[in-house]
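Trainee: Given next are the chains, with one letter for each unit.
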Amino acid sequence: MLTHVIGSLSLIVWVPIFFGVAVLLVGRDGRERIARWMSLVGSILSALVVIPVWMQFDAMQSEFQFVEFIPWIETFNINYHLGIDGISLVLILLNALTTIFVVVAGWEVITKKVSHYFASFLILSGMINGVFCSLDAMLFYVFFEATLIPMFLIIGVWGGPNRVYAAIKFFLYTLAGSLLTLVALIYLYRITGGSFAISNFYAVSIPQSAQVLIFLALFAAFAVKIPMWPVHTWLPDAHVEAPTGGSVVLAAVMLKLGGYGFLRLSLPIVPDAARELAPFVIGLSLIAIVYIGFVALVQRDMKKLIAYSSISHMGFVTLGIFIFNVGGMQGAVIQMVSHGFISTALFLCVGVLYDRMHSREISDYGGVVNSMPMFAVLFLVFAMANAGLPGTSGFVGEFLVIMGAMASNFWFAFAAAMTLVLGAAYTLWMYKRVVFGECGSERVLGLKDVNAREFAMLFVLALIVIGMGVYPKPFTDVIDVSVATVLELASVIKN
Amino acid sequence: MDFQLSDLYTLLPEIFLLIGVSGILLLDLFLSKEQRGVTYALTLIVLVVTSVLPWFFYDADPRVIMSGLVVSDALGAALKSTVCVLIAVGLVYSKNYLLSRGLHRGEYFSLTLFATLGMMVMISSNHFLSLYLGLELLSLSLYAMVALQRDSGRSSEAAIKYFVLGAIASGMLLYGMSMIYGATGHLNIEAIVSSILSGHSDSNLLRLGVVFVIVGIGFKLGAVPFHMWIPDVYQGSPTSVTLLIGTAPKVAAFAFVLRLLAEALGHPSLHQDWSQMLTVLAVASLIIGNVVAIAQTNFKRMLAYSTIAHMGFLLVGFMTGSISGYSASLFYVLTYVLMALGGFGVILLLSRDGFEAEELSDLRGLSQTNPWCAFLLMIILFSMAGIPPTVGFWSKLFVIQSIIDLGYVGLAVTAVMTSLIGAFYYLRVVKIMFFDANESSINTVKYSAGMAVFAVNGLLLLGLGLFPGWLLSLCESLIESSVRTF
Numbered sequence: 001m002l003t004h005v006i007g008s009l010s011l012i013v014w015v016p017i018f019f020g021v022a023v024l025l026v027g028r029d030g031r032e033r034i035a036r037w038m039s040l041v042g043s044i045l046s047a048l049v050v051i052p053v054w055m056q057f058d059a060m061q062s063e064f065q066f067v068e069f070i071p072w073i074e075t076f077n078i079n080y081h082l083g084i085d086g087i088s089l090v091l092i093l094l095n096a097l098t099t100i101f102v103v104v105a106g107w108e109v110i111t112k113k114v115s116h117y118f119a120s121f122l123i124l125s126g127m128i129n130g131v132f133c134s135l136d137a138m139l140f141y142v143f144f145e146a147t148l149i150p151m152f153l154i155i156g157v158w159g160g161p162n163r164v165y166a167a168i169k170f171f172l173y174t175l176a177g178s179l180l181t182l183v184a185l186i187y188l189y190r191i192t193g194g195s196f197a198i199s200n201f202y203a204v205s206i207p208q209s210a211q212v213l214i215f216l217a218l219f220a221a222f223a224v225k226i227p228m229w230p231v232h233t234w235l236p237d238a239h240v241e242a243p244t245g246g247s248v249v250l251a252a253v254m255l256k257l258g259g260y261g262f263l264r265l266s267l268p269i270v271p272d273a274a275r276e277l278a279p280f281v282i283g284l285s286l287i288a289i290v291y292i293g294f295v296a297l298v299q300r301d302m303k304k305l306i307a308y309s310s311i312s313h314m315g316f317v318t319l320g321i322f323i324f325n326v327g328g329m330q331g332a333v334i335q336m337v338s339h340g341f342i343s344t345a346l347f348l349c350v351g352v353l354y355d356r357m358h359s360r361e362i363s364d365y366g367g368v369v370n371s372m373p374m375f376a377v378l379f380l381v382f383a384m385a386n387a388g389l390p391g392t393s394g395f396v397g398e399f400l401v402i403m404g405a406m407a408s409n410f411w412f413a414f415a416a417a418m419t420l421v422l423g424a425a426y427t428l429w430m431y432k433r434v435v436f437g438e439c440g441s442e443r444v445l446g447l448k449d450v451n452a453r454e455f456a457m458l459f460v461l462a463l464i465v466i467g468m469g470v471y472p473k474p475f476t477d478v479i480d481v482s483v484a485t486v487l488e489l490a491s492v493i494k495n
Numbered sequence: 496m497d498f499q500l501s502d503l504y505t506l507l508p509e510i511f512l513l514i515g516v517s518g519i520l521l522l523d524l525f526l527s528k529e530q531r532g533v534t535y536a537l538t539l540i541v542l543v544v545t546s547v548l549p550w551f552f553y554d555a556d557p558r559v560i561m562s563g564l565v566v567s568d569a570l571g572a573a574l575k576s577t578v579c580v581l582i583a584v585g586l587v588y589s590k591n592y593l594l595s596r597g598l599h600r601g602e603y604f605s606l607t608l609f610a611t612l613g614m615m616v617m618i619s620s621n622h623f624l625s626l627y628l629g630l631e632l633l634s635l636s637l638y639a640m641v642a643l644q645r646d647s648g649r650s651s652e653a654a655i656k657y658f659v660l661g662a663i664a665s666g667m668l669l670y671g672m673s674m675i676y677g678a679t680g681h682l683n684i685e686a687i688v689s690s691i692l693s694g695h696s697d698s699n700l701l702r703l704g705v706v707f708v709i710v711g712i713g714f715k716l717g718a719v720p721f722h723m724w725i726p727d728v729y730q731g732s733p734t735s736v737t738l739l740i741g742t743a744p745k746v747a748a749f750a751f752v753l754r755l756l757a758e759a760l761g762h763p764s765l766h767q768d769w770s771q772m773l774t775v776l777a778v779a780s781l782i783i784g785n786v787v788a789i790a791q792t793n794f795k796r797m798l799a800y801s802t803i804a805h806m807g808f809l810l811v812g813f814m815t816g817s818i819s820g821y822s823a824s825l826f827y828v829l830t831y832v833l834m835a836l837g838g839f840g841v842i843l844l845l846s847r848d849g850f851e852a853e854e855l856s857d858l859r860g861l862s863q864t865n866p867w868c869a870f871l872l873m874i875i876l877f878s879m880a881g882i883p884p885t886v887g888f889w890s891k892l893f894v895i896q897s898i899i900d901l902g903y904v905g906l907a908v909t910a911v912m913t914s915l916i917g918a919f920y921y922l923r924v925v926k927i928m929f930f931d932a933n934e935s936s937i938n939t940v941k942y943s944a945g946m947a948v949f950a951v952n953g954l955l956l957l958g959l960g961l962f963p964g965w966l967l968s969l970c971e972s973l974i975e976s977s978v979r980t981f
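Those sequence lines, one after another, are chains A and B.
Just so we're aligned: 387 in my numbering is position 387 of the first sequence, and the numbers increase by one with no gaps anywhere.
Just so we're aligned: 701 in my numbering is position 206 of the second sequence, and the numbers increase by one with no gaps anywhere.
Be a bit skeptical, because a hint or two may be false.
[What the hints assert, rightly or not] Partial selection, computed: residues in chain A whose CB lies under 10 Å from chain B: (1) 24; (2) 71; (3) 116; (4) 142; (5) 143; (6) 144; (7) 186; (8) 187; (9) 190; (10) 213; (11) 231.
Keep in mind the hints are simulated off the structure, nothing from the lab.
Backbone N, C-alpha and C fix where the C-beta goes; we use that ideal spot for every residue, glycine too.
Using the sequences plus the hints, can you model the full thing?
Mentor: Right, here's the structure in full:
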């Protein structure tokens, strides 16, 4: 095994955290300008350090790459063990880009405790990268849990009127899910004879009854995180109350921790249990896709609507993962990335409107196109992408998952395809009510169109969304082998 | 076991402390009120020197001296040193509080030092007599300190409650010890062990003795159902005394339990009995401590219930009766006292003339008036809740790991789930500090030495959270080298 002391992955994890701490230290009250610029530099640098990794990444290799290994707690054989495969890589890229958008989105909007705001996001970003890079289960868990603290503060300090309730609900809900995981990991440590290395977890054989329990313990954490019906109720609250940046990071990246957990831990460690319980998970996913789609249809609050749409789209991800074929899983990963960009864009769009009107109620709007034509065009792109229009990134993932589902069971595919109808219905109906029609009020007429900062970030996102939709090959190439590896591990009989 | 003059070297820390406290007691008589600072400084100096001394005079392999009354080992040296440091840091935290409360008196310091001496005797005792002697020296000093604010009704109530319940606990403990004496014919730990091993002891009587000893321990640690004194004493005492009760004595109590249960009564047949009793105490403490803490509005009272829950966790590690369990418990108690030190310390720092910052609402909006202080307290609270990357996570993890190793998965799930309940009330404090608006600007700290200590304290919890390995291996080697298990 290759052993670096400090490598590219450490940079990916620690550069954002370093900048976060620096912003915290430098940007006292009255020095907001420095805090902003430093955060921007930090977020861009954090994205830049991903580029060499992306370039040098060998997509044909099924082993983990850029491995770093430093003993951490030797008594319990816990190690600082990093490494990535294609799935981690695309999610790291997503996270790095999202962080830049978040910093830009909060530029003028955040006026209270500016340095703390940006620092929270940078530190959070580093921790999330840590989750995606960890090859040691305890390191994974530490990063996974630690992400709760900054997000808790982001929702609670900069959130809306009901932020306290939302923040505590978010924290306790996700903590409840992950505590059982901790017990499962320690149990695995015991049966592997004293190792937290995820690769050792893959190799060890586990009796079926234990597998089921471990699967359920892991499921508790990841199902809450992603979130699946019926443990999704924290998400709408958290989204509605969080500041725009918080919603973006929640939807774009933090939900993916759940999907990533399924791929990295659940399937390969307890494959037999995963296969046995797959119908159960698929059932929940289909309920999420269809039922939550209907729930989204009746929302009056734009953020809530997008939140429910996220849950429905994440149903696609879990469906894709648990039908156990290449198309489905590839679709799931692509869907995660694509949803990351689309939900970022949608939340930023809502943020743009909210900053002007201080309302998220759909009924307060109407005829926005009259005063904000440029915004209307960009918003349309993202609305279409959310509905899964061909040519946008939203289509690729959904299409692959539906194809995969078709291969396993027609009715799965049928139910999943419902979402294309429902997704179009709730997204476009919202779009229609907000952007077209009679002018809702005098204030809508007086709205200013997007400024240069807002235009720049939405435009870049639009390029990414369309680019990924037209030519998804770079992404599928990167994850191809990794997905095959995960599937291979998931098909082993271990009991 | 003959007496040798060189044995006195091993006792030098205790001897030095005794001479120091006697000197301070005498000297203080001749000092005017304005010169009281000298007493304070001398007390700190004595504590610092005492904390260094044990490192020079201990035996790597446990050695029994003074006719079997005292054992000299690495664990004892480390814990004695820790206790002295904790007391000294506690005094630094308390300085302004003591001055403004009229507690900055000679009695306070000499009682503090006597309590320290009691703890040190407990930590390195090898005999039920010295164990009990140390415990009583500690307890009597603390009773007096709780009552030191004579004009405060709450303090007096707390003192009486503490004294009565403490006396009952001591009585139980003595009764248990006398039964063990009856069964084995010895008070010396090694002699008890060999008597149990030889099989000549009356096992029923021994078992009954263990029950009473456990009750006594339960009282002293504050484990449910013997916890009733904790909230009242914590809330009623002057905060500086609460800090004293809540930190160093926990370390001493750990050593006490270790000597009694692990060393004297660690025989597998007895371990089977006391581990079951401890499990019941531990689970009850975890549940009651965490659930009742939710309902508290007083920060000190909340921390009191949180202590009960933490002691439950400590007992969870202890009931395993294994080296790894004891090490995990030692790690737990060391990190817990650091958190408690900071938690009570911040109340002291925020208190001012005639104002005790002990209600949770007093912390409202702390992040606006004093962001640094709020940040540090947040680390402490997350650490108590056991959220990574703070050290509290590791201390809980190591305990859980030690019990899962022995197959107690159900107990592990209970421990984990109760800490979820615990997370709620710690989060609520964070919420009060960070999310609520500040209504007044009283939360300012002008005491820079206290703030500096607080900063080190808080960052230490974060630092230990990032690098917990060395402390854990230290705990493990201390336990391995010192505890004479079966």
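Trainee: Against this structure, judge whether each hint is valid.
Mentor: These are the hints, each one checked on the structure:
no. : hint : result
1   : 24   : holds, 9 Å
2   : 71   : holds, 8 Å
3   : 116  : holds, 8 Å
4   : 142  : holds, 4 Å
5   : 143  : holds, 8 Å
6   : 144  : holds, 9 Å
7   : 186  : holds, 5 Å
8   : 187  : holds, 6 Å
9   : 190  : holds, 6 Å
10  : 213  : holds, 9 Å
11  : 231  : violated, 15 Å
This entry does not satisfy hint 11, going by the numbered hints stated previously; all others are met.
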